[in-house]
Amino acid sequence: MAVFPRRRLAAVALAAATALLVTACGGADEADGDGPVTLTVDVFGQFGYEQLYQEYMTAHPDVKIVERGTGTNLDEYSPKLTQWLAAGRGAGDVVAIEEGLMVEYKANPGNFVNLLDHGAADLKGNFLEWKWNAGLTADGKQLIGLGTDVGGIAICYRKDLFEKAGLPTARDEVSKLWPTWQDYIATGERFVAAKTGASFLDAATNTFNTILLQTAGNTTGYSYYDTSGNLVVDSNPAVRQAYDTTMDIIDSGLSGKYGSWSEEWVSAFKQSKFATIACPAWMTGVIEGNAGPAAQGKWDIARVPGDGGNWGGSHLAVPKQSKHQAEAIELAKFLTSAKGQIGAFKAKGPLPSSPQALDDPAIAGATNAYFSGAPVGAIFGTGAKSLKPVYMGPKNQAVRTEVENAVRTVELGQRNPEQGWADAVANAKKAAAK
Amino acid sequence: MTVQLDARPPVAPAAGGHRRSSGRLSRLDTRYSPYLFVAPFFLLFAVFGVYPLIYTFWVSLHDWDLLGTDHPFVGAANYTQLLADGDFWHAVVNTLGIFVISTVPQLLAALWLANLLNRGLRARTGWRMAVLVPNVTSTAAVAIVFGVIFGREFGMANWLLDMVGLDPIAWKSDRVASWVAISAMVDWRWTGYNALILLAAMQAIPRDLYESASIDGANRVRQFWSITVPLLKPTIIFCVIIATIGGLQLFTEPRLFHSGTNPIRGGSLRESQTVTMYMFENAFAPHYNFGYGSAVAWLLFALIALVAAVNVLVLRRLGGSGMGPGKGADR
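If you're matching them up, the sequences are chains A and B in order. Once you know that position 95 of the first sequence is 570 in this note's numbering, the rest is easy, because the numbers rise by one and skip nothing. Once you know that position 117 of the second sequence is 324 in this note's numbering, the rest is easy, because the numbers rise by one and skip nothing.
A couple of the hints might just be wrong.
Derived coverage of chain B by chain A (criterion: at least 3 residues anywhere in the stretch with Cβ under 8 Å from a Cβ of chain A; other residues may be distant) [what the hints assert, rightly or not]: (1) 268 to 279; (2) 482 to 495.
Footprint (simulated), chain B over chain A, 3 or more residues, beta carbon under 8 Å [unchecked claim]: (3) 549 to 561; (4) 578 to 585; (5) 729 to 738; (6) 864 to 878.
What the hints contain is simulated information worked out from the structure, not anything from laboratory work. The structure displayed is predicted, hence computed values, not measured ones. Cβ coordinates follow ideal geometry from the N, Cα and C atoms, glycine included.
Extracted from the complex, chain A is given alone in its bound form:
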């Protein structure tokens, strides 16, 4: 073989490698200028914004909107967002922040644009007061996010499975079955006794969180952390009470043990393996997505046992790293306006956090065809304005994970309730200290 061509080959390879390196480091910068501005919106789950984007782009021909993350799990979304913020690039121009994580992001407000500097103060009246406050930093000087939705809670149930078990199926009668969680358990025992081949509920963890947020909202106003930021897992009676009620549920064999948000959970929806699920307003969109068109009209919605409660809900924020802050702020304002919230509600069911939107006949009279025409506006909307928020402490997410995992170990029979509680407290303390 001749020597020369080989050397030339090596030189070409070197040049190619260098070129690759250079492009790899310098790529991806979009051209700034007079052309249309592309705004990226980062979300998780189902926000229901597609129609609104179309509308906004029609009104603003110079703006193009790209959404990322629809359908992703919050557990996948939040680490990515945090990494983007830490790295100083990569985040969208508008990002969704879930309530449980808001506290952590508020601790480092420098990552976000202060919306109060951009005329957001005038919008205060457009939001429920506690929702507005949740987006404010502790000193009240910076507004990180504008509220999107709140999570009023109900119980979604399968009419066909209830019928099979000889239980009433009309939503008013079903609601009357369970004024309290103990009545809910008693109904579940009747359901299990009928041997329909399905479980009464999906998994204990989601139900636990529902009971906890309801109990905490009605009593202390905080869950794992008190309002001064002390970890109170073992001393807050609301936590123990929710834990004990959940243990009763597990003990009565009501849970299908389909770990929430897992592949199995999704399969269980498709195969009609459980009859009820704790159902914050945003969950209706998740159910529809998981159970699919085949289950249309088989689901319905009844009131939640106990009294009210709020789970979830998000804010939209604009990271400081955005290159199009002004446009992004305008878009965030539009999406969180009463009109935007109504549009999202119609698309995917997240309950508005704007009193004007809640009063709007489009919400108050709304029904959901997938859920047998249930009057979702009335069911979720009625209590929304009197919702009692629950304070979330600095490491809420990490602590919640530990406690819910402890619940899960009892559900799977790996621990007894007392061991589970001991684990929950010990692991929560460890997580909070990290």
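Following the hints, position chain B against chain A.
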């Protein structure tokens, strides 16, 4: 080593007759251009290897909240906390357990496969290529499919067990069962790859050794253990070290094996959480403690170095001294 490809130094033929220009330039070229040719690797290694290594160590000496703006220096505090951290050691045991359960059968199966492929098969190239197919499928796809196969209620593995009248196994919430399931994934993917490497080495063994052995009356099994295996020793060491590095850094398979809330824990009791997953859990969601996560990364590095050293020592002892066909592999 048998797997080394064409590694001749590029220096020697450089001054060949094609060049007639200035001698000095040519001398410079001869002397320095080799460095230029190897430079891309070292540049990339410096940027993506050395720098992160040092930076990670620097971070591990600080109380470093991923989003926070100040990062106070805490010295070795992260390391002392980590050494007393039960969850960390739990993850180490998981990692080593999965490593052993996956690597031992994997290399034995690879050896067996390579031996089969070394015989006069019909459509030999086709078979040889076929064993590599699992390796070119995406790890994520493999992990998701296996995650479904080993599902608790809807999984195929438990369905098959049920068909033969056995009780279902809690593949995801039983510690050893989850190790086995994850090992199955790793083996499915890597056995063929190792088989090909061993096959390449096998083909370099001179035929006449086998011929004289059969004249001496050694049967096939005897030939395999007394000629093939000892001569493959350097390649086996290579496979073991590669498997060690991969096995101790196992992440994608166990991570995607679990789904649902916080899969990074590898099960509610951390049944199959590996060290890399524990590192991720601390550095990113839900703890965002970058300093602590970095300390985990450094201890993992130490662990890999340790296990690799033990591997080399053990294999050296097993194989005696030389490369010759010795009595190495008798056990």
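Hint-by-hint comparison with the structure:
Three residues within the 8 Å Cβ limit are the bar, and the stretch 268 to 279 of chain B against chain A gives 5, so the coverage statement holds. Remark: the stretch 482 to 495 of chain B is confirmed as covered by chain A, as 6 of its residues place a Cβ nearer than 8 Å to a Cβ of that chain, reaching the required three. Counting residues of the stretch 549 to 561 of chain A whose C-beta sits closer than 8 Å to any C-beta of chain B gives 7, which meets the bar of three, so the coverage hint holds. Coverage of the stretch 578 to 585 of chain A by chain B holds in this model, with 5 residues showing a Cβ closer than 8 Å to a Cβ of that chain against a need of three.
Under the rule that three or more residues need a Cβ within less than 8 Å of chain B, the assignment of the stretch 729 to 738 of chain A holds, with 7 such residues. Coverage of a stretch by a chain is defined here by at least three residues with a beta carbon nearer than 8 Å to that chain's beta carbons; for the stretch 864 to 878 of chain A and chain B the count is 4, and the condition holds.
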